[in-house]
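**Q** Could you build the full structure based on these sequences and the hints that come with them?
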Amino acid sequence: MLDPATTTYFGLPGYAYLWALTLLSFSLFGRQVLRYINVLREARRETRWDNPARRLKLFVVNVLGQRRLLTEPLVGAAHFVIFWAFVLFAVSFAWNLVRGLLPFLPIPWADDIRVIALALELFAVLGLVALAVVAVRRYIFTPPRLERSIDATIILALIALVLVSSLSMQLLKHRAPEFSLGLWWVHMVTVLGFLAYLPYSKHLHLLAAPFGVFFGSLRPGGMPSASEGASMRQDFTWRQLFSGLACAECGRCDHVCPSVGSGHALSPKVLMREVKDAVRASNGRQKPVPLLGDRVKPEEIWACTTCYACMERCPVFNEHLPLLIEMRRYLVLQGQVEHRLQETLSHLARYGNSFGASPRARAKWTQGLGFRIKDARKEPVDYLWFVGDYASYDPRVIPATRAMARVLEFAGVSFGILYEDEQNAGNDLRRIGEEGLFEMLSEKNQKSLASARFRQIVTTDPHTYNVLKNEYPAIGRDRRVIHSTELLAKLFRAGKLPVRHSLGQTVTYHDPCYLGRYNEVLEAPRRVLGELGATLLELPRNRKNSYCCSAGGGRIWMEDTPGVKERPAENRVREAASLPGVHTLVVTCPKDLVMFQDAIKTTGLERQLFVKELSELVAQAMGMMERSESHVAA
Amino acid sequence: MNILVVLRMVPDVVEELEIAPDGKSLNLEFARMVLSESDDHALEQALLIKERDGGTVTALALEAPEVDEVLFAALAKGADRALKITGPKEGVTTREAAHIIAGVISSEPGLKGADLVLTGTQAINDLDGLMAPLLAQELGLPFLGIVTGLVPNFSARVALATKEYPRGVRGEFEVALPATFGIQAAEKPPRYVPVAKVRAVMKSRKIDCVSLTETVEPGFSLLQVLEMTKPQPSGHAEILEGSADQTAGALCTILAERGLL
Amino acid sequence: MAAEFWVIVEHWKGRVSQITYEALALGREVADQLGASLHAVLLGHNAHELASTLGKADCVIYANHPLFSEVVAETYAEALVQLLKERKTRSIIFPLTNVSLGAATLLGARLRLPVVNFCTDIQFAEGKIQAHCILYGGKIESRVAAEGEPTIFGLWPGARPADKGFSERRPPVEEFAVSLSEPAIHLKKYMEPAAGDVDITQQEVLVAVGRGIQSQENLHLAENLAKQFHGAVCASRPVIDQGWLPLSRQVGKSGATVKPKLYLALGISGAPEHTEGMKAAALIVAVNTDSGAPIFNIAHYGIVGDVLKVLPALTKAIESRKGVGSHA
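Residue numbers (this note's numbering), protein chains in the order written: chain A, 77 to 710; chain B, 9 to 269; chain C, 650 to 977.
Hints are not guaranteed to be accurate.
Covered stretches of chain B (chain A as the covering partner; in silico rule of three or more C-beta atoms under 8 Å from a C-beta of chain A) [as the list claims (entries may be wrong)]:
| # | stretch |
| --- | --- |
| 1 | 20-31 |
| 2 | 152-163 |
No farther apart than 27 Å at their CA atoms in a straight line, the calculated lysine-lysine pairs in the DSS-like style are these [said to hold, decoys possible]:
| # | chain 1 | residue 1 | chain 2 | residue 2 |
| --- | --- | --- | --- | --- |
| 3 | A | 352 | A | 278 |
| 4 | A | 677 | C | 777 |
| 5 | B | 205 | A | 373 |
| 6 | B | 32 | C | 777 |
| 7 | A | 641 | C | 876 |
| 8 | A | 520 | B | 211 |
These are calculated hints, taken from the structure and not from any lab test.
Note that this is a predicted model, so its numbers are computed, not measured.
Just so you know, even glycine gets a beta-carbon here, dropped at the ideal spot from N, CA and C.
**A** In structure tokens, the structure reads:
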């Protein structure tokens, strides 16, 4: 049997060449990887060793199991095959390398073992088929937002070469040993070349992704820990910078991003590339490498609605949102805040609500209900209803708030509100980067909540729900915070809400970002719709795949950037209106109500589609809507 | 360049204003106080000048509810010193306030030598006079009001000031320093200061307190308020009721009747 | 000798301002109530001719000095101090406009005289000269009397119709000599605003926007409505300050005074600085979310609602009335 390590070429044994190539490849590889490691070491520290068991599980499911990729079955299966083929070939390569470099070792070549040889052949064939699938997808049916870069082409070619060389080497081992030997060298050189090229290409995700997933964020919504914001490379944490390295430029984030969808300034994929470029940039003589301002512009940073779709989709668990929030924190600390947002922040600081309205008017919506809502500051209640700014002050939302009140009163629920002491819960303030204002308002809220006596907190507002549940330390634990749909579902189960007029129509439902994607409350609203006798026809993008209305992240308080082709909310109502037989879009978030009402007007769909808040539908079904409160062109 | 900015708190009109039982004054018990809008611009103008040409900015205010936050915010924005005058009774008139403030300025060594004294051109409760000319008179300084641009030239001891006239006309004035200016609007809108910075400043810096040097006898304002009321809608506005579409339709009819369509 | 009642003549760029005539009309009434003679005090430079239109007054006191070619508050105050040494008066009415703002307070401060600001009316009642004043952006009214004479009144525009202050009569002119010190303030030049495309003072219909329009983005809603009327869009100060519309579109104290047939005040609170520029409009319709907004005090019709909803609804209503048909 021909042994490549001992065969002589031009007077030198094979292993000598192998050593030379290996050293070259490893040093090229090592040099760049070391550079990356140094950059990450310069960055801000962050501990991600907590909860090792949970992290291991994430690793198994998402790296070994490739779960996020499998949401697209065909491509997912192809990538799964390529991934495992790669694992197998990597092991066999490492084995063969050792054997080739140290020929005196009494171990066989990897492919001398029949089982391994068979496995290699099998996976080479499967791998090539998978490559064909992805190549066709990439070059013929190119999905939007997937760039056909040279890098990608090189990678595909190299992988193909690795597989072909291995396969043909196996097949020709006995029939053409000399040729097979040559193929062995082709294979090894290709892999060594691949290794050397790896750190310079997007295929670094091969090495980085497993770490990225293991060290992924376990914090709800990926909120970065307390900081003064970041603008230079070294201000970010190592994990935030790591996202740039792990990015495979697949474009799944862009595909679901409302900013990209409407032609706004932000592209999460481009953001990752900017981070990668910044990590690659050398800082001569320890000069700081700028990220914010030079590479990432403020308009991009402010365009994010914090809908979390990018992070939910990203197969390598990249952290787009924390990067943006860190830069927002920096801009806020510098006072570089757009004028309309500045006004809203001043209102919040001064009046505790984003409307600039008198705090004393917060509970004005309760007047004329026919019953008094308990003051949770003074008497104990089962449910403390944290109403929220929009539900309290916006005339378009108040009818839904009142409907909810009436439903709860009818069902005999013991509930109360904080009246003027309620402050904005601060969810969007944290997403804007105004941590100081969040602290100020949440302190006031926590004080009020600490002296009130209640079993659970309920709210109709998913933003409020998210922040109270996840970011108000003492309050959120023990399932103490629930969304109104969860309470309604519970009341229906207990038979407290008799339906007098079954809805009997086909409706569709928009999952709010902060309820569905962030907090996985998906079934309760659907159950309630079922109890109301409505037939639910799901939107194409539903549940955790829901498309953001783009009010979040403070965007509802900012000016729209010019040049927007179609606003996300307009896109969404068109999606709803396109469903056959559907004339009602059901929402469970006050901001959705406002955004979609506006969008229906600006798209001219007023006669075709109506948006209704779920509490109003419940009240309607129970026969208790006030006449003057049918809002929107009814 | 020493810049002194005089800040005043006024009742916030976002809240419902109540008349006191005596029928002659505002019920300040539930009124919230807010920084007078043009004083905010005066502070911003001072900070802009400091950033452009250097110097120190001192913010000065009478003790009032919520004034501490305003003074700390001024420090967080970049003022070098914040001074609070303690001792005055609640609800001083503009004239009384000016007298007290001028007294403190004249007696405090750090304040007397100010090159620029800036304050808002007008506040919503300036019944008995405007702050800027009152201060100017007491301090013996020249005065110019309704200023929207201010470029001092320290070495030449003059400032170029832009004043607003009707119909969008503006006038450029040369004013000898030191001088007092009533600022209508700063060259840029007042900057945002993040709450974290204000809170940090609250922990790390102090507001200097100085008690007033001049007492104000009753009747100092020389005015006697006979009555204070909320205006009766003078029978004018007929409010159209209904939804946006309904009121729009009703209005349309009215306009058509008047031949305006 | 009969008591005197003075009105300071405001003149700018060679013309007597409208507010002077309003003040004369008011002054005439009060002087008659007091049994006093009405004097118009004219401080100018070679401005003798201006005196000829001031016939509502019994007499014009005219001081001629080169320094009066610019209106500088200090110079006015200095001159009036000298005048008050020679003559007595019961009251002095100062017009409150951008031109001479500050002079009233300066004079009052120099001579320790009472100053009553923001006056909308003056009358003689209960044995005192009383003023009606508006404060807090128009949300509070006050009736005030002064302790001491002469009393200085700062008068808002619109207290009386200007034509009531005209007279064909040429009043006698008494010259008064002043000696003035070189002021520390000099006017170097005027800067006219960039010529706007539209002269809002010539429009019959104005669609005025204030803070309630919320963003520059929404201006097109106002433009659409204005088009329906062949009118123009104008604005209150906050919108101009933001740069959403040029200075030429500003209505109010630092902007233009307009008298259109229809003035639609959308999202404008109605602070006096704005209303002084438009309250003479024939028909005023206001839209504001705040039912207590002062604009409703001068509007003829009002809608309590969100401008961003009413505006498009109104445009649509007008379009359909005109038979333009439904739109996308």
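**Q** Does each hint hold? Answer for all of them.
**A** To see whether the hints hold, each was checked on the structure:
no.	hint	result
1	20-31	holds (count 3)
2	152-163	violated (count 0)
3	352/A to 278/A	9 Å, holds
4	677/A to 777/C	59 Å, violated
5	205/B to 373/A	24 Å, holds
6	32/B to 777/C	17 Å, holds
7	641/A to 876/C	25 Å, holds
8	520/A to 211/B	18 Å, holds
Comparing the model with each earlier hint shows violations of hints 2 and 4; every other hint is respected.
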